[in-house]
Amino acid sequence: MTYQFDFSPLLTYWPELAAGMVQTLRISCIAMVAGLVLGIALTALRMSPSRPLRWLAVSYIELVRNTPFLVQIFFIFFGLPALGLRFDATQAAVLAMSLNCSAYAAEIVRGGVQAVPKGQVEAGRALGLGTADIYRFIVFRPAIRAIYPSLCSQFVLLMLNSSLVAAISAEELTYAAQMIDNRTFRSFEIFAVVGLLYLALSQCLSLVLAAIGRAYFSYPSK
Amino acid sequence: MEQSAAPAIRLEHVSKWFGKLKVLQDVDLTVNRGEHIVLCGPSGSGKSTLIRCINRIEEVQEGRILVDGVELRGDGRNAEDIRRHVGMVFQQFNLFPHMTALENCMLAPRRIHRIGKDEARARAMGHLERVHLADHAQKYPAQLSGGQQQRVAIARALCMNPDILLFDEPTSALDPEMVKEVLDTMVELADAGITMICVTHEMGFARAVAHRVIFMDRGEILESAPPEEFFSAPRHERARTFLGQILNH
Amino acid sequence: MIREFGFPELLFVLEGARWTILLSALAFVCGGALGLAVALARTARSRALRWGATVYIQIFQGTPLLIQLFFVFFGLPLLGLQLNVWLAVTIGLALHASGYLGEIWRGGIQAVPAGQVEAARALGLGYRSAMIDVVLPQALRISLPATVGFLVNLVKGTALAALLGLTEATRAGQLMSNITFEPLRVYSAVGLVYFAICLPLTLWSARLERRLLRRG
Ligand SMILES: Nc1ncnc2c1ncn2[C@@H]1O[C@H](COP(=O)(O)OP(=O)(O)OP(=O)(O)O)[C@@H](O)[C@H]1O
Ligand SMILES: [Mg+2]
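In the order they appear, the protein sequences are chains A, B and C.
Be aware that the first sequence starts at 1, since it is given in the UniProt record's numbering, and climbs by one per residue.
Be aware that the second sequence starts at 1, since it is given in the UniProt record's numbering, and climbs by one per residue.
Be aware that the third sequence starts at 1, since it is given in the UniProt record's numbering, and climbs by one per residue.
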């Protein structure tokens, strides 16, 4: 007996798939921005003169980087309500993704800051600029530029990992796929198609991020 | 005006260590307003360290440093105030690569003097003009030659209207054909009467503008004399050896 | 009757962790073998091979691991194989690993100076020998930090097997959470179990990287 491929039942579900893609992109973009901002804050903590603060930042970063994202999602969605922190599935998903992204972003951003030559900071200090101004105006752009490719890969990975939030029934592309699967029993077809959709999403995201990089973080260099 | 009576820079018994290594040994130095000092000495003698202490990019462990009569506090609290009227030019230029020449010059006045964009631009253009780079204002550092970059760095320092300029080997990272344009700019500044301390081995420059040449070795000031005297009859043995090396190379 | 999350329950999670480790090891070994082929194809002289390997890598790096696992899980029966979670998850993770390791090792192979291959060829070594004796040992050394770093990702990736019903550490945690109603403690414990497995690998990877940087 050979299996008859049949993609036609999927056609009627294209609005669900499209909505799922949009939702995937939406939660991913929010998490990217939040994750980057938090990651920069973590980097600042990590370079602060206070030892306990540095230790706190490093512990957080390593804790997040060395545990599975799925467990983090379960911890936030199922575990935190015990502490009175209740979220709906989408909120928990965005929170988990942002926190997860922040640890990786922090690790990457630190590399960028270290890549900025010491003379740049000294030149800023010699002009009389304060530490905050030095980081904001002098270090930030070259630092981000130095690690922009790694940051983009991390963002794409974040978008792909967002598929895991389907496990707490947060609505996005994988969740839509599971729903369609339950209705049509065309498992193989649906996951093949959704795989292609993710592939398209990740390629588009890469292109868009690269364009943003060219617009905001590039300048002539030798 | 009590302040104007004070010398521009005064170092009293300044000593500094990097870990166990003592790089400044009981340095005493007074620089008067409008005075031009050339600081020279063998590699590793502490020249950079000395001028970096003056705007507290380096900390000192012993002694006092006064700039315009104001003492640099041990905790560095007033370092930023002092730096605002002490300009510094580095060997490696240290221009900000993501800003145009103009933006490099506008940043500090805007953030520190809190002046508007137009005023900052006018001031920056004025100083870029002064270093003959007005035509290159919109270029990024990577699009400028070494000599041009260093002149932008000088203009950037001037935009803060400093009373004192510190130069740390401003021409030694340059290709030979660009040295002159930077030295010419520095001579023009000297003629305008600004106080400067310049670490350099350009002896022609020293002869032309220096009021005093100071020779350092192993963290100590060994000699301080007008250029004619220093070049014709250095008193110290090590200064003689040093001069022999740089003049014959 | 509600059970507390106590020692027996923790033990259950730890037993699950055994499967986590076994699954990681299996996927790493199988994925490594396949990944080596991918890396060699990616750096081969044949255009078709290079192109094929590029597409292969793009597919595994451009789609979610979860979708890859579902795809294999539902695809196996189509090949006439019996539906088996273990088999599906192992194959899925191995394929996933081969895509990433292939790319990491490609970077390593290309980081070996071209002069090395030329020198080997000048000595009369064939492709096989030039690769095995000269290029791969150096490439492996260069890419070892990233390889260990990916192993950490693979260990974390095995958690997805829980979503297909395989009782490794995460699924064990889910089960314990369901009977104890103490998800906070259970998932903290599960997280710490993974942390205990992954942290040494992460530290090792960082140390390898520092050593590599120092040697230049
Ligand atoms: N950040 C630092 N940490 C430790 N030692 C340092 C540091 N900076 C300088 N030194 C040491 O202090 C001594 C003086 O250095 P300094 O840079 O002031 O010398 P210099 O006279 O400017 O030499 P050059 O002509 O090579 O620029 C040298 O022995 C140098 O190795
Ligand atoms: Mg020096």
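Mixed in with the good hints, there may be bad ones.
Chain A regions said to be covered by chain C (calculated; three or more residues, Cβ under 8 Å) [to be verified]: (1) 66-74; (2) 115-122; (3) 214-221.
Mimicking DSSO-like on lysine-lysine, the simulated pairs with C-alpha atoms at most 27 Å apart in a straight line are [claimed, not checked]: (4) 117/B to 180/B; (5) 118/A to 139/B; (6) 20/B to 222/A; (7) 22/B to 222/A; (8) 139/B to 222/A; (9) 222/A to 118/A; (10) 139/B to 117/B; (11) 118/A to 20/B.
Only part of the chain A face toward chain B is listed, based on derived beta-carbon distances under 10 Å [as the list claims (entries may be wrong)]: (12) 82; (13) 125; (14) 207.
Quick caveat, the hints were computed from the structure, so don't treat them as lab data.
These numbers were taken from a predicted model, which means no experiment stands behind them.
C-beta: ideal position from N, C-alpha, C; glycine also.
Status of each hint after checking the structure:
no.: 1; hint: 66-74; result: holds (count 8)
no.: 2; hint: 115-122; result: violated (count 0)
no.: 3; hint: 214-221; result: violated (count 0)
no.: 4; hint: 117/B to 180/B; result: violated, 33 Å
no.: 5; hint: 118/A to 139/B; result: holds, 23 Å
no.: 6; hint: 20/B to 222/A; result: violated, 39 Å
no.: 7; hint: 22/B to 222/A; result: violated, 38 Å
no.: 8; hint: 139/B to 222/A; result: holds, 13 Å
no.: 9; hint: 222/A to 118/A; result: holds, 19 Å
no.: 10; hint: 139/B to 117/B; result: holds, 18 Å
no.: 11; hint: 118/A to 20/B; result: holds, 23 Å
no.: 12; hint: 82; result: violated, 46 Å
no.: 13; hint: 125; result: holds, 6 Å
no.: 14; hint: 207; result: violated, 23 Å
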